[in-house]
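*Asks:* These are the residues of each chain, in order.
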Amino acid sequence: MTSSFTRRKFLELVPTILAAAPAFVSDISGGAAPGWARADLAGVFGSQMASAIAIGRRYLDACAVECDSDLLVDAWFSQVPGIRGGAETGAHDLIAFFQDRFADDFERGDTVTVDGWVLSRTEARLCALCALS
Amino acid sequence: MYIDSRQLDSKTPIETDVCVIGGGAAGITLALELAGRRLRVCVLESGGFFRDPQTHDLNAAVNVGRPYPVAATRLRYFGGTTNHWGGHCAPIRSLNFEERPWIGDAAWPLTRAELEPYYARAHRVLRLGEYAYGLDNTVRKMRMSLLPFDPKRVETVVSRYNPLRMGREYRRAVDESGNVTTYLYANVTSINRHRVSNYVTDVSVATLSGRSFTVRARYFVLATGGIENARILLASNRIQAAGLGNGHDLVGRYFMEHIWYTSGLILAADPDVDLPAYSRLRAIEPGVGVRCHIALPEAIVRQQQIPDFRAEVLVRRSDAFHDSVQSASAIRDDLAKLDFPDRFVGHLANIIKNPAPVVKRLWADQPPLLYVLANHVEQIPNRDSRIALSTERDALGLPRATVDWRLSPLDRLGIVKAHRLIAAEVGRSRFGRMRIEIPDHEERILDQASAGAHHMGTTRMHRDPRRGVVDPDCRVHGLPNLFVAGSSVFPSGGYSNPTLTIVALAIRMADRLKELLKA
Chain W
1 MTSSFTRRKF
11 LELVPTILAA
21 APAFVSDISG
31 GAAPGWARAD
41 LAGVFGSQMA
51 SAIAIGRRYL
61 DACAVECDSD
71 LLVDAWFSQV
81 PGIRGGAETG
91 AHDLIAFFQD
101 RFADDFERGD
111 TVTVDGWVLS
121 RTEARLCALC
131 ALS
Chain E
134 MYIDSRQLDS
144 KTPIETDVCV
154 IGGGAAGITL
164 ALELAGRRLR
174 VCVLESGGFF
184 RDPQTHDLNA
194 AVNVGRPYPV
204 AATRLRYFGG
214 TTNHWGGHCA
224 PIRSLNFEER
234 PWIGDAAWPL
244 TRAELEPYYA
254 RAHRVLRLGE
264 YAYGLDNTVR
274 KMRMSLLPFD
284 PKRVETVVSR
294 YNPLRMGREY
304 RRAVDESGNV
314 TTYLYANVTS
324 INRHRVSNYV
334 TDVSVATLSG
344 RSFTVRARYF
354 VLATGGIENA
364 RILLASNRIQ
374 AAGLGNGHDL
384 VGRYFMEHIW
394 YTSGLILAAD
404 PDVDLPAYSR
414 LRAIEPGVGV
424 RCHIALPEAI
434 VRQQQIPDFR
444 AEVLVRRSDA
454 FHDSVQSASA
464 IRDDLAKLDF
474 PDRFVGHLAN
484 IIKNPAPVVK
494 RLWADQPPLL
504 YVLANHVEQI
514 PNRDSRIALS
524 TERDALGLPR
534 ATVDWRLSPL
544 DRLGIVKAHR
554 LIAAEVGRSR
564 FGRMRIEIPD
574 HEERILDQAS
584 AGAHHMGTTR
594 MHRDPRRGVV
604 DPDCRVHGLP
614 NLFVAGSSVF
624 PSGGYSNPTL
634 TIVALAIRMA
644 DRLKELLKA
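Just so you know, the protein sequences line up as chains W and E, in that order.
Just so you know, the numbering used here puts 90 at position 90 of the first sequence, and the rest follows in order with no gaps.
Just so you know, the numbering used here puts 584 at position 451 of the second sequence, and the rest follows in order with no gaps.
Derived by calculation from the structure, the hints in this document are not laboratory data.
Check each hint, because a few of them may be wrong.
Listed next, the in silico DMTMM-like pairs over lysine to aspartate or glutamate satisfying Cα-Cα at most 25 angstroms (straight line) [unchecked claim]:
no.	chain 1	residue 1	chain 2	residue 2
1	E	Lys285	E	Glu249
2	E	Lys550	W	Asp110
3	E	Lys285	W	Asp100
Chain W is nowhere near these chain E residues, computed Cβ spacing over 12 angstroms in every case [claimed, not checked]:
no.	residue
4	Pro146
5	Pro202
6	Arg276
7	Ala306
8	His552
C-beta: ideal position from N, C-alpha, C; glycine also.
Take the sequences, apply the hints, and build the full model.
*Replies:* Spelled out as structure tokens, the structure:
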């Protein structure tokens with residue numbers, strides 16, 4: 001089970017991951033890759049958070065069994081390289097990791113359909129996490 | 134030479150070597166290929182050089198099946214439907230010539246390789262420039278960006294376009310040929326067979342002005358289009374009640390179209406992506422355009438066991454969607470039918486967008502870029518989809534055709550599978566996300582689908598007379614001197630627009646006739 005501290009940071013980064021914005025992040029932070037303790041990205045990426053929540057709610061409507069943030073976080077948290085190391089994993093690495101996971105999901109056919117839109121299961125779950133948090 | 138049959142006063146039958154019934158793409162091609170040879174050719178064209186309402190009314194048919202725009206899809210004057218076509222050309226793929234048990238009895242009794250030299254010659258007739266459809270010698274040579282898809286999953290294919298009006302283009306050449314006489318306003322009402330032998334002896338011709346005459350020939354070619362070819366054969370029933378060449382109840386059956394179905398949205402992650410190769414025609418040579426579409430590779434079609442699939446990719450900004458209720462455009466009307474509560478597409482765009490290096494642009498109120506798929510899909514040959522005869526009669530006393538166009542659940546399933554594959558590749562390639570919009574339950578299969586105005590299959594080709602109306606030479610089984618030209622002979626339609634193949638087959642037939650007549 002992950003600590004509430006690292007889970008909170010993970011949740012704050014979810015919109016960033018979904019926006020896949022490595023340039024974004026470095027620009028906002030003045031060129032240096034932010035560490036875990038830096039800006040509240042959920043606040044910065046307010047519009048993406050709202051979108052993630054909207055999509056997440058749709059996903060949870062269709063997949064009520066995943067209506068559990070612990071389950072969703074644990075599903076991914078342990079797979080992120082170095083995530084338990086906290087500060088060692090930069091947002092950039094996290095974004096790249098999940099972008100690869102999204103592509104892998106499509107490659108393997110692990111997709112979900114939300115309102116007709118075919119999404120990576122991982123991205124749908126990340127959105128669900130935003131909706132639950 | 135052109136003769137107005139309405140003025141003809143001929144009690145003496147017209148004698149010729151080759152009688153071509155129909156002055157459309159196939160008929161004009163045959164005339165051109167036989168021009169200048171030591172043989173007489175007569176072309177019988179129902180109309181004149183321009184559309185006239187009374188002649189056009191002879192095309193009216195009775196629709197007894199799903200909605201089908203019969204009158205709009207046919208023209209009845211010199212040049213036929215090349216008088217209003219879009220000029221879209223591509224050869225039929227090799228896959229379509231093969232046995233494909235998953236779509237039934239659809240193999241062609243010839244191979245793509247056998248037709249290849251005729252495709253190249255057809256390019257000259259249709260003024261399409263170089264016979265080249267590969268990406269390297271078309272769009273890549275023009276340095277155009279392509280979709281970032283793995284071609285083993287979803288490929289880009291190229292079509293060439295030249296909306297050549299064949300009647301106008303070749304009117305003079307046919308006139309000056311010396312050995313071709315074209316009878317305008319000449320409507321064939323019956324193809325007549327000798328009572329004892331199986332030879333066609335003559336055709337009966339009538340005009341709307343009340344004239345009539347007969348034409349005798351050594352060889353006859355029926356080239357009036359997929360609906361009319363069947364109609365004329367069925368109506369030629371003085372000796373064989375079921376119609377000429379219809380000993381096995383195949384004439385008129387297997388009526389196929391290209392399923393035209395606007396469905397499927399792709400949301401691009403990059404709002405600045407521009408792919409004119411797909412959205413616009415680009416000139417590759419004077420008078421010739423090229424455009425890209427997406428298709429499933431042949432290997433995937435075989436693996437998935439679905440009909441052949443191609444889609445045009447139409448570009449729209451999503452603000453066009455929001456304004457769609459005001460727009461008369463067909464695409465915007467389609468988007469208007471879609472239900473997007475909570476601006477889901479905007480949310481999705483926010484999530485997937487892959488920003489350009491300029492950060493500020495990310496915050497601009499840039500509407501996301503949407504692509505709409507205009508699917509152009511092969512129909513599975515369906516025996517019950519057919520052209521038959523009505524009890525209604527036209528002004529010449531000929532029974533009108535009935536059109537009963539039918540689709541099957543497998544047609545729908547093929548598109549669903551194709552869309553799932555495309556959606557997977559859209560995501561895998563990081564291009565964006567796709568929405569599949571085919572309803573799970575509909576009163577009618579693919580309720581919103583329309584047709585590509587390509588009439589195919591009604592006198593299908595097969596070596597076995599029990600499974601086809603014409604043989605591999607497009608000669609009617611059992612009738613040694615009657616040939617059929619046009620897309621009615623196609624055993625399967627593939628996804629390619631048919632005109633290039635129609636012209637290629639007509640050239641091939643002309644070569645055969647020259648051999649037979651030693652001309």
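*Asks:* Can you give the numbers of the hints that this structure goes against, from lowest to highest?
*Replies:* 8
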